[in-house]
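Novice: The lines below spell out each chain.
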Amino acid sequence: MATEHKPSITFHPEPRNLPGGEREYMMDVSTSDLEVNMGPQHPATHGVMKILIRTDGELVTAAQPHLGFLHRCAEKIGENVEWLQYLPYTDRYDYLASMNNNLGYSMAVEKLLDVEIPQRAVMLRMICVELNRIASALVAFGTYGLDLGAITPFLYAFREREWLLMIFEKICGARLTYSYLRIGGVFNDAPPGWLEEVSHFCDVFEEKWQEYYDLLMVNHIFVKRTADIGVITKEQALDFGLTGPMLRGSGVDFDLRRDVPYLRYKEAYDAGAWKVPVGSGEKGTVGDCWDRIFVRVQEMMESLSLVRWCLENIEEGPIIGDIAKTLKVPPGEAYVGIENPRGELGHYAVSDGGKVAVRCRVRGPSFCNLAILEDIMPGTLLGDAVAIIGSTDVVIGETDR
Amino acid sequence: MDFQGIHDHLRLINAPGLLRADEPRAANPEDKKDKGRGGDAYLVVEADALASFLETCRDDERLSFEILADLTAVDPGKDDEDFWMIVQLLSVTLRHRLAIKALVPKDPGQIPSSSAVYRAAQWHERECAEMFGIEFTGHPDPRNILLPDDWPGSPLRKDYEFPTEYRGISCE
Amino acid sequence: MKTTISARELTTPREWVQNVWDGLFTTLAGMRITGRYLLRKPITIQYPDERMPIPDRYRGIHYLEQEKCINCLACARACPIDCIEMDAIRHGKELEWVSFSVDYQKCMFCELCVYPCPKDCIHMGTEFAFVTEDRSELKHDLLSFKGMSRDARVRKKEAEEKKAAKAAAKEAKAAAKEAQAASGDQPKEEGDDG
Amino acid sequence: MAALPIALNAAQAALEVASSEGGNLTLDLLKQYAPESVPAWILPLTAAAVSVGIVVAVIALLALTSVWLERKVSGHIQCRYGPMYAGGWHGWAQSIADGIKLLMKEDMIPLGADRALFVIAPALVLGAIFGAFVAMPLSPDFFFADLHLGAFFILGMSSLTTIGVVMAGWASNSKWSLYGAMREAAQVVAYEIPLGLSLMVPLIVAGTFNLLDASAGQSDWWGMGWYIFKNPFVLPAGLLFFVSSLAETKRAPFDLPEAESELVAGFLTEYSGIRWSFFFMEEYAAMYLMSLMAAVFFLGGFESPFLHFAKAAELPVIVCNLIAAVTLITKSMIGVIVMMWVRWTLPRVRIDQVMTMGYKYLTPLALLCVLGAALWEAGKVLIFE
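Order-wise, the sequence lines are chains A, B, C and D. Take 1 as the starting number for the first sequence in my numbering and just add one per residue. Take 1 as the starting number for the second sequence in my numbering and just add one per residue. Take 1 as the starting number for the third sequence in my numbering and just add one per residue. Take 1 as the starting number for the fourth sequence in my numbering and just add one per residue.
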């Protein structure tokens, strides 16, 4: 981004005669734009990302994301460790939705292995993944409030997330990097009383959700800060390959869980257990920041009812399929895209029949969702820029992998 | 539409650059070295025609692949002469997927950029370019995206050697 | 370039009144919620004085049932980052432990080392707080004792005694056999020696 | 460095005191008990110095308490405790501990900064707000300067802090600081108008700019003759005053000059240690100032039934003064708590919305209130007299 430096002030000494005898003196005040590094250590970038913005006063005229500050060579590591050993690394790219990452990777390898997963493991997977989706949406909602200056909703959201993390801690022993879903099933069965606690959580969470809605989502300042801001049209969203809430916020009714079904989502959908929330432009235009964040907030409730459906339908049984201790994956290539809280999380695994992958590609949804900032940030104010970055809900661990 | 249907339709409309279908197959019991191939089915496409092939896939009404979900490359081995260029397409309205493979010779490692067809390809191509050293001709913004601008080598190639030092920082 | 600055748009009187009303009303609604919490008891706990219960499956610092361990290296092989190192000298069936260390600078507490253990002897503990000023201290030695355990020593001694007894018996037997042979077939043994 | 503006203010206040005709408790006491050998011109100066000392002490104490209070209020709103350790009971000494820590910190000035301005700015800000307190009476008989144009003086002095903030933002040589400073300038200019206009409404009812007189004017109806009850336009004006004062004191939802998620820390980005805490003190002192103003002009000032009955029972003057002071502080404390409550509830307004709100919403509404109040008062005069 090269900045044009114009002379700052030009005088036109000859006055212009206006009708009525008035004289107008002209003076062109032209200023040069200010280039600011927003990040890598800026509170609004949710981690270590840099956005180089050019501003004309408060107006952002150009924006360019710079990534790579958190690049940890996940794909290269995948080519160097065994299939099962890569599992803990999947936790670490989208660290807010580790269960989903585990699931995506496991499913890609299972597709190559062609192994059947026991029903109980499927249900446990679904419960964990959906609870994780709620936890992730809570962070998205909370930090979005924080971006816009509302600190309290963030702490309310984290209060519920804390409970969720404790629930995860009980089933797998970790609070953030779960490594719980494994190739072929899950690692542990639910401990006694765990399913009841999840069901109790569902009941309590429903009340709290209403609180979030009243406190932040319909707040007039919040609505004015987000409605009509950062509008992504449907065409733009598709062109940029946006997925997940970003796509649905733009009014596209598409959810991988329903439309390219996996696990038992289709069955639950047909049973009416959940819906796909789509942005409708309730407070402004379709595809604005409010729509995107509201899709996430609604998804919490949908995930909740999915969890309830799973709790009703879970049955006793084994939790792991027929999996050898040292995995040797038959040769082949498989791409599996699953619905991560941020969009389509794709895992593309190539095996040559050995213990180690030939290629372990991760298609991070945040990576693709972030690209649209270049397009929608120019023309907004500095405060809007923060709102837009927040509404993309990027996890830098995943954009950089 | 399933893979077969998509393949047939593309044949029917004479899609540019379409070579063949690469489907998973069982192991050949007579040849002990051949273990078969599992996983997805691919359409193999001529590398130079990839962009126009994608355009066909996007614009054809019966396919309408609106989203380019993923674009990546694979280095199958040190001795292999080609990179595989893997493109995953996704249709939102018709709800089907398609995996496309194009073979890009390692020497010279050039392929026309698809970012004019799908804007989503732009960042994926930047990543591919720095990780594999593939040059995307006609790319509007060919900078590194994840690696520093002066990072030596292309890390995801199989013949990549880890640098021992980067700007005076030991990488051992 | 698109501009989305609402200040440039005109506001109709109706919208104006609506904005004033909404602004007031939703602010008060929000303040009602926060005000309610202001009067309630907090849910947090005062950490060093009270602590949250740690679940049984918590993945903290490992602990090793050293008596059971057979130095099979299954855990070390399963570790994605090779942070487990173990070394033991084998005396017949008994082990003399030299080291069993986990490098907690690397360890990511993934629990993958626990599953492959054939003797079920390495576990994740509930201890999680370890702060140090020296990096070398992060390499924990999980051994509760070095060298051989008392039981192992006893067993080894017993085994050795047994072995010695066996050897003695064998020797005695051989001697007896020899004595028997000496009386009978001598040239055969010479042939063996050759 | 804080000494310079404070000294200037002290001198100003001293002149005011010396020239004012009304009595001042300190001055009266001095006049009464000072030995005759002391020259007469020293007495007002000494009185002024003592008064300023008391102002600084009281304001610093109030600011420290309110920092602690803010943390407790925000903590409880967010389901947590806030400070609990320093000092024992609910961490009452937290602010003191923080203050000591801030004093200990390295005094950093960025390399490219304009050193002189960078150093002067926090002192100017703090001095201005302390100067404003000179005109603020603490009880009917304990005040530092009984100014005829007290309200005017306070508004003027408190808007002087803007210059300090702009100075700080400019001197820091940081882009984020500059944004913060420019926002502050724009915001304060926009909100001076509704602030002044909404204050006009009780001033019309009171008929005076003098804070003591304004407070005394609310003593009827057993001490409940507050201006908000006397004229229907004072209550909406009070709300407008509250909102404008939030903007004036840079409190959320109008904390755009700081805007930690947008501008890192705005004009405070490059400040640290005790200089930073000067800005912090200023914020809390300004909150108190605005709350005290609101208490005096809208909520009855010193007047309450307690004071009324105390006076009726002919309690000693000192007791009455004490009751009055406690009443005023309590009222302002409530104002401060409501300000905190609002802060921890609302998201931040965008800069153009701040401007819109100031110019398009608050100013017309305040004008309406002024007009209405004036007509009401005029009508009262016409009908009853």
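For the record, the hints were derived by calculation from the structure and aren't laboratory data. Honestly, I wouldn't trust all of these hints.
[As the list claims (entries may be wrong)] When the alpha-carbon atoms are kept at most 20 Å apart in a straight line, the in silico PhoX-like pairs for lysine-lysine are as follows: (1) K156/C / K208/A; (2) K41/C / K72/D; (3) K106/B / K76/A; (4) K328/A / K35/B; (5) K41/C / K93/C; (6) K101/B / K355/A; (7) K328/A / K33/B; (8) K78/B / K355/A; (9) K111/A / K101/B; (10) K325/A / K119/C; (11) K175/D / K50/A; (12) K78/B / K76/A; (13) K156/C / K93/C; (14) K355/A / K325/A; (15) K106/B / K355/A; (16) K106/C / K76/A; (17) K355/A / K158/B; (18) K33/B / K76/A; (19) K111/A / K35/B.
[To be verified] Some chain B residues near chain A, calculated using beta-carbon distances under 7 Å: (20) D40; (21) V44; (22) D60; (23) R62; (24) L68; (25) D70; (26) T72; (27) Q88; (28) V92; (29) R95; (30) W123; (31) P142; (32) L146; (33) P155.
[Unchecked claim] Here are the computed distance ranges between Cβ atoms for each label pair: (34) D322/A / D8/B: 49 to 59 Å; (35) K266/A / E137/C: 44 to 54 Å; (36) G317/A / V131/C: 37 to 47 Å; (37) L73/C / D322/A: 52 to 62 Å; (38) R20/B / K266/A: 41 to 51 Å.
The C-beta atom is built at its ideal place from N, Cα and C for all residues, glycine as well.
Novice: State for each hint whether it applies.
Specialist: Right, here's what the structure says about each hint:
1. K156/C / K208/A: Distance of about 64 Å is beyond 20 Å: violated.
2. K41/C / K72/D: Roughly 12 Å between the alpha carbons, so the hint for K41/C and K72/D holds.
3. K106/B / K76/A: holds (19 Å)
4. K328/A / K35/B: Measuring from Cα to Cα gives roughly 12 Å; hence the hint holds.
5. K41/C / K93/C: violated (61 Å)
6. K101/B / K355/A: Roughly 24 Å separates the two Cα atoms, so the pair is violated.
7. K328/A / K33/B: holds (16 Å)
8. K78/B / K355/A: Roughly 18 Å separates the two Cα atoms, so the pair holds.
9. K111/A / K101/B: holds (19 Å)
10. K325/A / K119/C: Holds: K325/A and K119/C sit about 15 Å apart, inside 20 Å.
11. K175/D / K50/A: At roughly 16 Å apart (the allowed maximum being 20 Å), K50/A and K175/D satisfy the hint.
12. K78/B / K76/A: holds (15 Å)
13. K156/C / K93/C: Holds, at about 8 Å.
14. K355/A / K325/A: Given pair K355/A, K325/A holds - Cα atoms ~11 Å apart, limit 20 Å.
15. K106/B / K355/A: violated (26 Å)
16. K106/C / K76/A: holds (18 Å)
17. K355/A / K158/B: holds (17 Å)
18. K33/B / K76/A: It is violated: about 27 Å lies between the C-alpha atoms, which goes past 20 Å.
19. K111/A / K35/B: holds (16 Å)
20. D40: holds (6 Å)
21. V44: Violated: closest Cβ of chain A sits about 12 Å from V44/B, beyond 7 Å.
22. D60: violated (15 Å)
23. R62: violated (17 Å)
24. L68: Holds - the Cβ of L68/B comes within 7 Å of chain A, reaching about 5 Å at its closest.
25. D70: Since the shortest Cβ distance to chain A is 4 Å, the answer is holds.
26. T72: With a closest approach of 5 Å, the T72/B hint holds.
27. Q88: holds (6 Å)
28. V92: Since the shortest Cβ distance to chain A is 4 Å, the answer is holds.
29. R95: Status holds, d = 4 Å.
30. W123: W123/B check passes; min Cβ-Cβ to chain A is 5 Å, inside 7 Å.
31. P142: violated (14 Å)
32. L146: holds (4 Å)
33. P155: holds (6 Å)
34. D322/A / D8/B: 49 to 59 Å: violated (36 Å)
35. K266/A / E137/C: 44 to 54 Å: holds (53 Å)
36. G317/A / V131/C: 37 to 47 Å: holds (43 Å)
37. L73/C / D322/A: 52 to 62 Å: Violated, since L73/C and D322/A (Cβ atoms, about 26 Å apart) do not stay within the stated range.
38. R20/B / K266/A: 41 to 51 Å: violated (32 Å)
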